[in-house]
Amino acid sequence: MRRFTFCLALFLAGFFPSSARAQSNKVQEFVLDNGLKVLLLESHKSPSVTFQVWYRVGSRNEEDGKSGLSHFLEHMLFKGTDKTGPEEYARIIAKNGGRSNAFTSSDHTVYFATMSREKIGLAIELEADRMTNARL
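The numbering of the sequence shown is our numbering, which starts it at 6 and goes up by one.
Do not take every clue at face value.
Unchecked claim - Below are the DSSO-like pairs computed for lysine-lysine, each with C-alpha atoms no more than 27 Å apart in a straight line:
{"#": "1", "residue 1": "Lys-71", "residue 2": "Lys-100"}
{"#": "2", "residue 1": "Lys-124", "residue 2": "Lys-50"}
{"#": "3", "residue 1": "Lys-124", "residue 2": "Lys-88"}
{"#": "4", "residue 1": "Lys-71", "residue 2": "Lys-84"}
{"#": "5", "residue 1": "Lys-42", "residue 2": "Lys-31"}
{"#": "6", "residue 1": "Lys-100", "residue 2": "Lys-31"}
{"#": "7", "residue 1": "Lys-88", "residue 2": "Lys-100"}
{"#": "8", "residue 1": "Lys-100", "residue 2": "Lys-84"}
{"#": "9", "residue 1": "Lys-50", "residue 2": "Lys-100"}
{"#": "10", "residue 1": "Lys-88", "residue 2": "Lys-71"}
{"#": "11", "residue 1": "Lys-31", "residue 2": "Lys-88"}
{"#": "12", "residue 1": "Lys-124", "residue 2": "Lys-84"}
Said to hold, decoys possible - Beta-carbon label-pair distances, calculated as ranges:
{"#": "13", "residue 1": "Lys-50", "residue 2": "Met-81", "range": "33 to 41 Å"}
{"#": "14", "residue 1": "Lys-42", "residue 2": "Asn-106", "range": "19 to 27 Å"}
{"#": "15", "residue 1": "Asn-138", "residue 2": "His-49", "range": "16 to 24 Å"}
{"#": "16", "residue 1": "Leu-74", "residue 2": "Gly-102", "range": "31 to 39 Å"}
{"#": "17", "residue 1": "Glu-68", "residue 2": "Leu-37", "range": "29 to 37 Å"}
{"#": "18", "residue 1": "Glu-92", "residue 2": "Lys-124", "range": "29 to 37 Å"}
{"#": "19", "residue 1": "Leu-45", "residue 2": "Asn-101", "range": "32 to 40 Å"}
{"#": "20", "residue 1": "Glu-47", "residue 2": "Met-81", "range": "15 to 23 Å"}
Hints were generated in silico from the structure; no laboratory data involved.
Where is the CB? At the ideal position from N, CA and C, for every residue including glycine.
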């Protein structure tokens, strides 16, 4: 199984990379026994929290003639698990006042959710279920 990077970040007001750069000296890094890397950027100035999962896989990992597989898999992971139905992940996040999305680049595939800090445990639980029990 590929090692991947798991990022948990708290930004000033949602997902703003400039905020992360401005406070980069406060990033805490933890590496779990299984190789999972957790990054934490904490700010108590905002009620919003952004939770991100970064995988070190993207279009650069695709074979010639099989382009688009990384992006296709990104979309397939929104098709549900035994606990959540198709597209239900996004509906649950939205119902709880948040938003979620994903993107694929040449080097990474990223899934994220932004919501109130009181509800971030829900996003982490849903993401863990999706990444271990996705219906493909």
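Verification of the supplied hints:
1. Lys-71 - Lys-100: Given pair Lys-71, Lys-100 is violated - Cα atoms ~37 Å apart, limit 27 Å.
2. Lys-124 - Lys-50: At roughly 17 Å apart (the allowed maximum being 27 Å), Lys-50 and Lys-124 satisfy the hint.
3. Lys-124 - Lys-88: Holds, at roughly 18 Å.
4. Lys-71 - Lys-84: 21 Å, holds
5. Lys-42 - Lys-31: 16 Å, holds
6. Lys-100 - Lys-31: Roughly 31 Å separates the two Cα atoms, so the pair is violated.
7. Lys-88 - Lys-100: Given pair Lys-88, Lys-100 holds - Cα atoms ~17 Å apart, limit 27 Å.
8. Lys-100 - Lys-84: The hint holds at about 18 Å.
9. Lys-50 - Lys-100: Roughly 24 Å separates the two Cα atoms, so the pair holds.
10. Lys-88 - Lys-71: Violated: Lys-88 and Lys-71 sit about 31 Å apart, past 27 Å.
11. Lys-31 - Lys-88: It is violated: about 36 Å lies between the C-alpha atoms, which goes past 27 Å.
12. Lys-124 - Lys-84: Distance of about 22 Å is within 27 Å: holds.
13. Lys-50 - Met-81: 33 to 41 Å: 37 Å, holds
14. Lys-42 - Asn-106: 19 to 27 Å: Check passed, 22 Å falls within 19 to 27 Å.
15. Asn-138 - His-49: 16 to 24 Å: 33 Å, violated
16. Leu-74 - Gly-102: 31 to 39 Å: 34 Å, holds
17. Glu-68 - Leu-37: 29 to 37 Å: 31 Å, holds
18. Glu-92 - Lys-124: 29 to 37 Å: Distance hint for Glu-92, Lys-124 is violated at roughly 19 Å.
19. Leu-45 - Asn-101: 32 to 40 Å: Because 21 Å falls outside the window, the suggested range is violated.
20. Glu-47 - Met-81: 15 to 23 Å: Roughly 33 Å apart at Cβ, these two residues miss the hinted range, so it is violated.
Violated hints, in rising order: 1, 6, 10, 11, 15, 18, 19, 20; the structure is consistent with all others.
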